[in-house]
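Read top to bottom, the protein sequences are chains A and B. According to the numbering used here, the first sequence is numbered sequentially starting from 1. According to the numbering used here, the second sequence is numbered sequentially starting from 1001.
Certain hints may be false.
Unchecked claim - With a Cα cut of at most 25 angstroms, we get these calculated SDA-like pairs of lysine to any residue:
#1 34(A) with 1269(B)
#2 1279(B) with 253(A)
#3 1086(B) with 1183(B)
#4 241(A) with 1206(B)
#5 1146(B) with 24(A)
#6 245(A) with 260(A)
#7 1289(B) with 257(A)
#8 108(A) with 1183(B)
#9 245(A) with 1319(B)
#10 1188(B) with 184(A)
#11 1309(B) with 262(A)
#12 1196(B) with 157(A)
#13 1017(B) with 263(A)
#14 1146(B) with 233(A)
#15 166(A) with 1183(B)
#16 18(A) with 1146(B)
#17 166(A) with 1193(B)
#18 1196(B) with 173(A)
#19 1146(B) with 120(A)
#20 1279(B) with 27(A)
#21 1216(B) with 196(A)
#22 261(A) with 1312(B)
#23 1289(B) with 260(A)
#24 228(A) with 1121(B)
#25 66(A) with 30(A)
#26 2(A) with 211(A)
#27 1309(B) with 260(A)
#28 1279(B) with 175(A)
#29 1279(B) with 37(A)
#30 1186(B) with 56(A)
#31 1044(B) with 175(A)
#32 228(A) with 1028(B)
#33 1289(B) with 15(A)
#34 1289(B) with 1315(B)
#35 168(A) with 1071(B)
Simulated from the structure, these hints should not be mistaken for lab results.
What follows is each chain in one-letter form.
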Amino acid sequence: MKILVTVKRVEDPYQAIKVKPDGSGIVTDGMNYKPNPFDEIAVEEALRLQAKHQGEVVAITLGSDKATSELRQALAMGADRGILVKHDGPLDSDGVARLLQKIVEQEKPDLVLMGKQAIDDDQNQAGQLLAEYLHWGQATFASKHESLESEQEKAKAPGIQIEGAKAKVVREVDGGLETLELALPAVVTVDLRLNLPRYASLPNIMKAKKKEVKELTPAALGVDVTPKVTTLRFSAPPARKGGVKVPDVATLVDKLHNEAKVI
Amino acid sequence: MNNVLVVAEQLGGTLKKATLSAVKAGRQLAQRSGGKLHVLVLGKGAQGAAAEVASYGPDQVHLAEHELLEHPLAEPYAQVISQAAKQLEAAYVVAAATAVGKDVLPRAAARLGAGLATDVLAFTGEGTDVTFRRPMWAGAVLAEVKIATPVKALTVRPTEFGTAEKGAGAAPVQPFAAQIDAAAIKTKFLALEQVKSARPELTEARIVVSGGRGTKGDFKPIESLADALGAAVGASRAACDAGWVPNDYQVGQTGKTVAPELYIAAGISGAIQHLAGMKNSKVIVAINKDPEAPIFQVADYGLVGDLFKALPELQAALQK
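One chain only, chain B, in its complex shape (with noise of 0.2 angstroms):
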């Protein structure tokens, strides 16, 4: 047994894109295992995900429809992924690191007796001895870390990893027999509060503009700045924490990682927990009033300056 199952994350029948990052790192586990490479999709209704993410190139796609899976909750769905990882005879069990994986994962690895390293950002070795490398103190240590069972469980930070490509053709999509007991289940879903907004989701956008502290709790020229990019907007967890902005524009150890192909940082000092969300981007441009923020440490290009005059300019220099 040295396959490995991809668990795939979907919300009302689309696939999420951090479930194609997942799907890269098990092809890339396959590889090094020499085993086969299998995807479970969970929830009601989740053909149209089971069907596009099995043209991404996995060996197979197994589909477990059921009442009970229509939302990510932990308890089911370790059930499933721990039934589906034996039958299946994975060696290695993955998951994004997104919120559901992070939920849902521990509960399946506890289920198959399987270690697990969370936030796997790559791996090093062959067969079943490969390890892992993943960040500790809000990435400033880089652990080497192995894993002692048969069973290996492991979520990916999908930014580490890109996106699987679309393979020639499209593996077969199996109906899995999930088998669901009800009566264990001690949870029950009641509501989800999607943030509306017209911008691109912060750990997909290309451009991703973040304000802080030094914004003082305006963000209009970060917000227009993005608008005006097509950008995701951003925070640091100073300007979340004062309320400023909602949780969810959090970027750091305890947020949001983004790998943006450009990231403007505005008024953010650059506390290691903040980098430890952002140092992967491609370039960085650094906006602030203070010359010796540790910002300007990480920033391809800093701007030593008032944020309020300088988004403005730079949003009017790019709309010419």
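If we strip away everything but chain A, and leave its shape as in the complex, we get (with noise of 0.2 angstroms):
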């Protein structure tokens, strides 16, 4: 089977975000970049399911010539080949999947495995509106029914499974897991709890950068990647002053009751 598992260039989640002061967008400088977490795990499924139903795993990103550096990672951790379609200016989720909506009838994948948002702008919505412009089922929020990556987790059944032109995909929802079956080709988003992305090993790494990576661009795709959703501007949210420290257990019961009243 062929899976399509796409790869964004996100700002460092461990990294602090500061809004430039005449709030058009971040400071930038000093930052660190990585694929987008979800993505990563995204990543990871597809090779997982590679290694079970054979076929290929081809890698996309939407960017400047920058991301490329993401993409090679998910070529690092096993993906076959990358598709970079570049662009510079905003995009928003809309044409983000319009793009990929012109890739998948290109590439005619199986499978679209997609982080289910990207932990930049939070959007979760493209995967959904990829689904919608292909006609295609869609599971959001791919998971499984524990966390641990245990030799107990590895045991049990994957969130994914294909069987013939079928998946059967376990998904969080609130208040419990939900499980879906959805007729393939299919657009499948991931949740935290899908699986633990492997890490690229150095010959990989090394390999990778063979690997091959085409690039297109909007316009050839033909593609008008005019944002639908425009950030006017953006602002720190106001900061929550800290409280008091107590010293014990008694004074903050009695700061509880007397003072704020909640109990």
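Could you use the hints to bring the two separately framed chains together as a complex?
Put into structure tokens, the structure is as follows:
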């Protein structure tokens, strides 16, 4: 089977994000970039499915030349080849979905795997939009029954199972887990608990440098990426001011009773 | 066309509380746009939910009853939501940012050619030029977002809007003739495994007691205090990732957003991803061994100490 997996270049989630004084964006000086953590989970799942069902894993990123670095990281994890759709300006989720639609029409994968959201703009909509544009089934927030990547966990049924032309997907919903059956091809977006992504080994990092990366542009794909949704300005949220330290439990209880009056 | 359509959420005929927040947000939008507030209830046997939401002040409730709407699958739901939005001339299509809302609304937006803003916190502006505030980078940044399309779709974060109050009377409930193209649906519902708990739901609880890495996997003191207070149990991502507690305990950027009256964080350091999910709680108590833990920067009351000692003491003092 052929799996298309998306990789977005995002700010390192463990670095502090600061808004520029003029509100036009965030401060990028000294910023490190990484593949979106949810996308790494998608790549890992694609590789596990490939190990079981053979076929090809194609990683795709949309963005500037710099995003090649994140694409290569997916290739170093084990994806077979990459596609970079070069675009430097703003791109909203709808533009992403329509670009991916064109790529899917060219590549004809059996499955598209994506992170449920990117940790920069936290949109959580591109996968769903793509599924609708393709008239495909979707399963968002693919997950597993428990979180541990222990021996016990590994023995459990994976969150995404392919049987013939169907996929059975366990997904996180409010208050529990839902299982859906999708006719392939389909779009699946992945949640945190699906797997623990592998690290790329040094030999594989070297190998990844030689893997094929095809470059495309929105114009070449015939997609107008004028955003439907634009950000007018960015701001820092009002800081919550820290309160007081209490010396002991008795003082805490007194404060909760008499000052905060919440108990 | 400046009407507002709120998509209700129900399970087995019972209205989800988050819908009341979406209705409240929808009313605010209708006041800004000068349009009517419509609510669409989808399901099979959802009359009870329709009757309930009708008493919370919408102008009209539309009930789409259909065999294929029994489970909240994105494909049939999006078909019916987009039909309703067109028929009711909605300029704004709104759902709560719940698992269902997040799953379904983008597909409906795609069918309507509507731009979508997710997890909206607040509105600015009037008429068809309302702009939307939404969080980015785990809430480290607030973005003021404009949607250029004639129809605008949004999911709203329930905790930011509170809940709609009961109106004087009930809005009329009308049947909505859902046209579903069954052949176009590629997804089949197989099972729903609900986590059974005697505790209140995390996002709806008045008090939440959460544990993190500091519990070292022992959530007993957290659970015991929660039960004594009638509270929900939450957890940091670290605790969920370690498999100490189920996933749906997770509070934060990638988990649930809560805003209870009292949030007690025990053994949680306070990474920004966790703060994103709880910093709008009314009162925050932090208990942590490390006096430098970032959680103390947002806590109203901080206690430096061992949670295994402090929590039982707290429980004993509160039960007196």
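Right, here's what the structure says about each hint:
The straight-line distance between the Cα atoms of residue 34(A) and residue 1269(B) is roughly 23 angstroms, inside the 25 angstroms bound, and the hint therefore holds. Distance restraint check for residue 1279(B) and residue 253(A): the Cα-Cα separation of roughly 21 angstroms lies within the 25 angstroms cut-off, and the hinted pair is therefore satisfied. Among the hinted pairs, residue 1086(B) with residue 1183(B) is consistent with the structure: their alpha-carbon atoms are about 22 angstroms apart, no more than 25 angstroms. Pair hint residue 241(A) plus residue 1206(B) holds up; C-alpha atoms about 22 angstroms apart against a cutoff of 25 angstroms.
With a C-alpha separation of about 14 angstroms, the suggested pair residue 1146(B) and residue 24(A) falls inside the 25 angstroms cut-off, and the hint holds. In summary, the hint linking residue 245(A) to residue 260(A) is supported, as the alpha carbons are separated by about 14 angstroms, within the 25 angstroms threshold. Taken as a hint, the residue 1289(B) and residue 257(A) pair is honoured in the structure, with Cα atoms around 24 angstroms apart against an allowance of 25 angstroms. Using a Cα cut-off of 25 angstroms, the hinted pair residue 108(A) and residue 1183(B) holds, with the two alpha carbons roughly 21 angstroms apart.
For the suggested pair residue 245(A) and residue 1319(B), the alpha carbons sit about 23 angstroms apart, so the restraint of at most 25 angstroms is met. For the suggested pair residue 1188(B) and residue 184(A), the alpha carbons sit about 12 angstroms apart, so the restraint of at most 25 angstroms is met. Proximity of residue 1309(B) to residue 262(A) is assessed by CA-CA distance (about 22 angstroms); at most 25 angstroms being required, the pair is judged to hold. In summary, the hint linking residue 1196(B) to residue 157(A) is supported, as the alpha carbons are separated by about 22 angstroms, within the 25 angstroms threshold.
A distance of roughly 23 angstroms separates the Cα atoms of residue 1017(B) and residue 263(A); the hinted pair therefore holds under the 25 angstroms criterion. With a C-alpha separation of about 10 angstroms, the suggested pairing of residue 1146(B) with residue 233(A) holds against the 25 angstroms cut-off. Distance check on the hinted pair: residue 166(A) and residue 1183(B) sit about 16 angstroms apart at the alpha-carbon level, within 25 angstroms; holds. For the suggested pair residue 18(A) and residue 1146(B), the alpha carbons sit about 22 angstroms apart, so the restraint of at most 25 angstroms is met.
Using a Cα cut-off of 25 angstroms, the hinted pair residue 166(A) and residue 1193(B) holds, with the two alpha carbons roughly 21 angstroms apart. Distance restraint check for residue 1196(B) and residue 173(A): the Cα-Cα separation of roughly 14 angstroms lies within the 25 angstroms cut-off, and the hinted pair is therefore satisfied. Annotation: proposed proximity of residue 1146(B) to residue 120(A) holds, straight-line Cα distance about 18 angstroms (limit 25 angstroms). A threshold of 25 angstroms between alpha carbons decides the hint, and for residue 1279(B) with residue 27(A) the separation of about 23 angstroms falls inside it, so the pair holds.
Proposed proximity of residue 1216(B) and residue 196(A) is supported: the alpha carbons are some 20 angstroms apart, at most 25 angstroms. Straight-line distance between C-alpha atoms of residue 261(A) and residue 1312(B) comes to about 21 angstroms, which keeps the hinted pair within the 25 angstroms bound. Our distance criterion of 25 angstroms between C-alpha atoms is met by residue 1289(B) and residue 260(A), whose separation comes to about 23 angstroms. Simply put, residue 228(A) and residue 1121(B) have alpha-carbon atoms about 19 angstroms apart, close enough for the 25 angstroms limit, and the pair holds.
A distance of roughly 15 angstroms separates the Cα atoms of residue 66(A) and residue 30(A); the hinted pair therefore holds under the 25 angstroms criterion. Note on residue 2(A) and residue 211(A): the hinted pairing holds, with a Cα-Cα distance of about 17 angstroms set against a maximum of 25 angstroms. Distance restraint check for residue 1309(B) and residue 260(A): the Cα-Cα separation of roughly 23 angstroms lies within the 25 angstroms cut-off, and the hinted pair is therefore satisfied. Between the alpha carbons of residue 1279(B) and residue 175(A) the distance comes to roughly 22 angstroms, so the proposed pair stays at or under 25 angstroms and holds.
Of the pairs offered as hints, the one joining residue 1279(B) and residue 37(A) holds, with about 23 angstroms between alpha carbons and a cut-off of 25 angstroms not exceeded. About 23 angstroms separates the Cα atoms of residue 1186(B) and residue 56(A), which keeps this hinted pair within 25 angstroms; it holds. This hinted pair checks out: residue 1044(B) and residue 175(A) have alpha carbons roughly 20 angstroms apart, not beyond 25 angstroms. Proposed proximity of residue 228(A) and residue 1028(B) is supported: the alpha carbons are some 23 angstroms apart, at most 25 angstroms.
Of the pairs offered as hints, the one joining residue 1289(B) and residue 15(A) holds, with about 24 angstroms between alpha carbons and a cut-off of 25 angstroms not exceeded. Between residue 1289(B) and residue 1315(B), the direct Cα distance comes to roughly 18 angstroms. Compliance with the 25 angstroms bound is thereby established for this hinted pair. Restraint check: the Cα-Cα separation between residue 168(A) and residue 1071(B) comes to about 16 angstroms, which is no more than 25 angstroms; the hinted pair holds.
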